[in-house]
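**Student:** Read off the chains here:
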Amino acid sequence: MSDAEVRVEALGAGDWGGGSLPYAVGSKKFGMWLFIISDALTFSALLIAYGYVRLANKNWPEPFEFYPSLVTATVMTLCLLSSSLTMVMAVAARKREDRPATMKWLWATIAGGLAFLVLHANEWLKLIGEGMRPFSNPWGSPLFGASFFTLTGLHMFHVVTGVCFLGVVAVATGRGKFTSEDVEMSGLYWHFVDLVWMFIFPLVYVLSIHHG
Amino acid sequence: MSHPAGAEHAEPASKLFIWVWIWLLLLTAVEVVLGYEQYPVKLMLTMLMSLSVIKAALIMAYFMHLRFEKLKLVLTLVPALVVILCLFSIFFFPDSLRLMNLGWGR
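Residue numbers (the numbering used here), protein chains in the order written: chain Z, 1 to 212; chain D, 1001 to 1106.
Bear in mind the hints are in silico, worked out from the structure with no lab data behind them. Glycine is no exception: its CB is placed at the ideal position from the N, C-alpha and C atoms. Be careful, since some hints might not be right.
Claimed, not checked - Taking lysine-lysine pairs in the DSS-like style, the calculated list, with each CA pair at most 25 Å apart, reads: (1) D:K1015 with Z:K95; (2) Z:K126 with Z:K177; (3) Z:K28 with Z:K104; (4) Z:K95 with D:K1072; (5) D:K1042 with Z:K29; (6) Z:K104 with Z:K58; (7) Z:K104 with Z:K29; (8) Z:K126 with Z:K29; (9) Z:K58 with Z:K177; (10) D:K1042 with Z:K58; (11) Z:K28 with Z:K177; (12) Z:K28 with D:K1042; (13) Z:K104 with D:K1015; (14) Z:K126 with Z:K28.
Stated by the list, open to error - Simulated coverage check for chain Z against chain D, where a stretch passes if three residues somewhere in it have a Cβ under 8 Å from a Cβ of chain D: (15) 75-82; (16) 111-119; (17) 148-155; (18) 197-206.
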């Protein structure tokens, strides 16, 4: 059998036959999916731990006012959701081999991520200014600071990583490097960061609004 | 969810993604209204988590393209995550409910 025939046979292998592309996706994309599933478990464990310590502690603080805290968090959600849409457009543009449009959409996505980071950093500084620390705060259970800073901090770290990742992809795309699978893979990561926020926003913000 | 071989390259139109984005924004708006109105905590938690699961499913299915991938990729990735989340819940649910009924946390 020639090399080409072997390749065709491997590619065409049935569901249980394996072959070189059993999922019909590239190895980079599949690798990113596996990373996302494991990262999803990390965030799930943290969120469930947060839910439990929240229930198990008397005087759990509810320091957020509807305005400005929840309104700011909603704008942050809007930034992330919109940046996911521009990311989808970037992936579609790269598939059409339209590199200038890909770069434009990637920079728009990065702008959304940066806006999120600025608003979030502002929120952190405000809470720190009010006396919130990882192991103490003026309002109630000291575990509030620990859970808030770990959950939102790990998420913010993911956003920072994503902004750097997309920056590299945007620059490389402009220089004629990177395949459409590379852009798609960075998109998967970015959407995942957005997805995690869809759980942090209601659990940490919406459920912690102060009602006087 | 599954497509015949070769069909995965058929790109869905941008309009579809804009509709998904609009739905995600609407569901977020519902969450904000719930935060403004404030219902009893069990009801709030149930409603908010249902909305979040719907939003996560929309993001995975459309933005992350899972709806357009082969079914076997979906079956490799998603059930494992769901099973482990169920195990987490079985582990923590009884004690969480006990604490909730004590009326300690919020």
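**Student:** Do three or more residues from the stretch 148-155 of chain Z put their C-beta atoms closer than 8 Å to C-beta atoms of chain D?
**Tutor:** Violated: only 0 residues of the stretch 148-155 of chain Z have a Cβ under 8 Å from chain D.
**Student:** Z:K126 and Z:K28 were given as a pair; does the straight-line alpha-carbon distance stay at or below 25 Å?
**Tutor:** 40 Å, violated
**Student:** Does D:K1042 sit within 25 Å of Z:K28, going by the straight-line distance between their CA atoms?
**Tutor:** Violated, because 41 Å separates the two Cα atoms, which is more than 25 Å.
**Student:** So if I understand the rule, the pair passes when the alpha-carbon distance is 25 Å or less; does Z:K28 with Z:K177 pass?
**Tutor:** 16 Å, holds
**Student:** Would you check the hint for Z:K28 and Z:K104, treating anything up to 25 Å between C-alpha atoms as holding?
**Tutor:** 24 Å, holds
**Student:** Are there at least three residues in the stretch 111-119 of chain Z whose beta carbon sits under 8 Å from a beta carbon of chain D?
**Tutor:** violated (count 0)
**Student:** Is the Cα-Cα distance between D:K1042 and Z:K58 25 Å or less?
**Tutor:** 17 Å, holds
**Student:** Would you mind confirming whether the straight-line C-alpha gap from Z:K104 to Z:K29 stays at or under 25 Å?
**Tutor:** Given that 25 Å is the threshold and the Cα spacing comes to 23 Å, the pair holds.
**Student:** So if I understand the rule, the pair passes when the alpha-carbon distance is 25 Å or less; does Z:K95 with D:K1072 pass?
**Tutor:** Since the Cα atoms of Z:K95 and D:K1072 sit roughly 23 Å apart, the hinted pair holds (cutoff 25 Å).
**Student:** With a cut-off of 8 Å between beta carbons, are at least three residues of the stretch 75-82 of chain Z near chain D?
**Tutor:** holds (count 4)
**Student:** Measure nothing beyond the straight line between the CA atoms of D:K1015 and Z:K95; if it is 25 Å or shorter, mark the hint as holding.
**Tutor:** OK: D:K1015 and Z:K95 at ~17 Å, within 25 Å.
**Student:** Report holds or violated for chain D covering the stretch 197-206 of chain Z, Cβ cut-off 8 Å, minimum 3 residues.
**Tutor:** holds (count 7)
In the structure shown, a violation is registered for the earlier hints numbered 2, 5, 6, 8, 9, 12, 14, 16 and 17, in ascending order.
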